[in-house]
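Engineer: Sequence:
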Amino acid sequence: MLSSAKQFELDELTKQYKVALTELITNPPAKLEPKVSNNLLLYGTPFLYLKDNLKEGRWMINHCSKLFQEYYTGTAIPPTLPPKEQDRLNPNLPQRKLKIGYIGHTFRKHSVGWLCRWLFVYHNREAFEIYLYLIHQNKEDELTEAYFTNNVDRTYRFSIEPEATAAQIRQDEVDILIDLDSFTRVTTCQVLAHKPAPIQVSWLGMDTTGLPTIDYFIADAYVLPENAQEYYREKIWRLPQTYLAIDGFEIGTPTMRREQLDISTDAVIYLNNQGFKKLNPSILRLQMRILKAVPHSYLLFKGQFICAEEEKEIKILLGRISEEAQLDFARLRFLERDTDELTHRANLQLCDVALDTYPYSGATTTLELLWLGIPIVTRVGEQFSARNSYAFMTHAGLTEGIAWTDEDYVEWGIRFGRDKTLRETVSLKLKASRQTSPLWKAKQFTQEMEKAYQQMWAQYLEQNSTPSIPSIHQ
144 MLSSAKQFEL DELTKQYKVA LTELITNPPA KLEPKVSNNL LLYGTPFLYL KDNLKEGRWM
204 INHCSKLFQE YYTGTAIPPT LPPKEQDRLN PNLPQRKLKI GYIGHTFRKH SVGWLCRWLF
264 VYHNREAFEI YLYLIHQNKE DELTEAYFTN NVDRTYRFSI EPEATAAQIR QDEVDILIDL
324 DSFTRVTTCQ VLAHKPAPIQ VSWLGMDTTG LPTIDYFIAD AYVLPENAQE YYREKIWRLP
384 QTYLAIDGFE IGTPTMRREQ LDISTDAVIY LNNQGFKKLN PSILRLQMRI LKAVPHSYLL
444 FKGQFICAEE EKEIKILLGR ISEEAQLDFA RLRFLERDTD ELTHRANLQL CDVALDTYPY
504 SGATTTLELL WLGIPIVTRV GEQFSARNSY AFMTHAGLTE GIAWTDEDYV EWGIRFGRDK
564 TLRETVSLKL KASRQTSPLW KAKQFTQEME KAYQQMWAQY LEQNSTPSIP SIHQ
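Straight run, no breaks: the sequence shown in this note's numbering ends on number 617.
Among the hints, erroneous ones may be present.
Said to hold, decoys possible - List of simulated lysine to aspartate or glutamate pairs, EDC-like, C-alpha gap at most 16 Å:
#	residue 1	residue 2
1	194	152
2	594	269
3	252	481
4	252	409
5	435	467
6	594	284
7	194	549
8	240	316
9	563	393
10	435	554
11	198	373
12	435	471
13	252	393
14	586	390
15	158	213
16	420	454
17	240	296
18	574	390
19	252	284
20	458	483
21	240	269
22	435	269
23	458	471
24	161	213
25	240	593
26	584	390
Hint data in this document are derived by calculation from the structure and do not stem from the laboratory. Nothing here was measured: the structure is a model prediction, and the numbers come from that model.
Input sequences plus hints: build the corresponding full structure.
Structural biologist: Dropping the structure here:
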């Protein structure tokens, strides 16, 4: 975590970090300590938070992951399917169920768990066998059982055992393995580096890792720009509509009211509910400009505090930025984390407008706000992490609040703050979209994912099938 003081030196620190990382990539040592080499693929991820540059960011990530692969497995070439497993590639075999494996540590009450659960509910079990590999998932809850383990053919639980996990996936003869961890679990990346499944796919993480053993990255027409394939090692597989859909969210009972924050009913409440790493000073400065231009408005920061140190650093950072903007710090308000997700979502309804972060936007948080009918202002970028909100808003039928420049972002923020009718119009549009938008049609989305799996497998068979042996009588 960068201190608040270092946040003001981000440009210089980013340059220094880029130079050091480029040197490591271009002149890697023959040997590295495991604690360094095992974390190599993480070294490119800070760029997702620091700078929106798709070409540069992917170059760093791809090369860091290639180095990780080389140090971990001794080769940059993805392992091929062992000969003993080639039989299942014979096109003359009777049609069978495809075996789909999902691997990760978030099959529970977690941002990823809340979003991917519907896929498990709607999977066609007549056409697919579903395998679940829980990697060092320390917590299991009612979501784990109700949505995941109860809706698969087999569940396995592993701790830090990448070789054993890969061996089990091979033994299960999984055809397509879906990674939901991205960079968030090194152990999962180690499993994937072994290439235990013929086809390996990245979906729903912070971005795809760039590992040489990942074949596809699931996207759609909006979440990545048209030219994105130039910069990705993986083949981008764009679904026909949205790369994610859910059947909404459960909402609890609000526990927070305006009077508790000493905010009147006629004031405008803006919301920033992104984590500390996403609070780039550049976007915070734009948010202060919005606040300053809308009298009787407040900016609410909700749930950022993971620990006392973060609370201290966030408040120092915001204090300096608000002072720069000559804005009264009292117009910034802070809420602690709610006790559970349902209460958290209910309390989001306290705000009038959400101000998204950049260059790393919201995802789960954005979907929660859209489901509740709360307008959002987002700044669209090039990279995957800077386009999630834009993609979801577009799928929900919105153009209002989508900004392509910093000035657009400020302008939309001010318009929403000053125009109550605009806010109400957007809210009604969002609530109507629950019945029409593909974003809220998880069953339809699941069918599109399954079709993608079948097409991936068909292409794989075409490229790798065991040739049939002609009869002696032919």
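Engineer: Please flag the earlier hints that this structure goes against, numbers listed from lowest up.
Structural biologist: Result: hints 4, 6, 9, 15, 20, 22 and 24 break, sorted rising.
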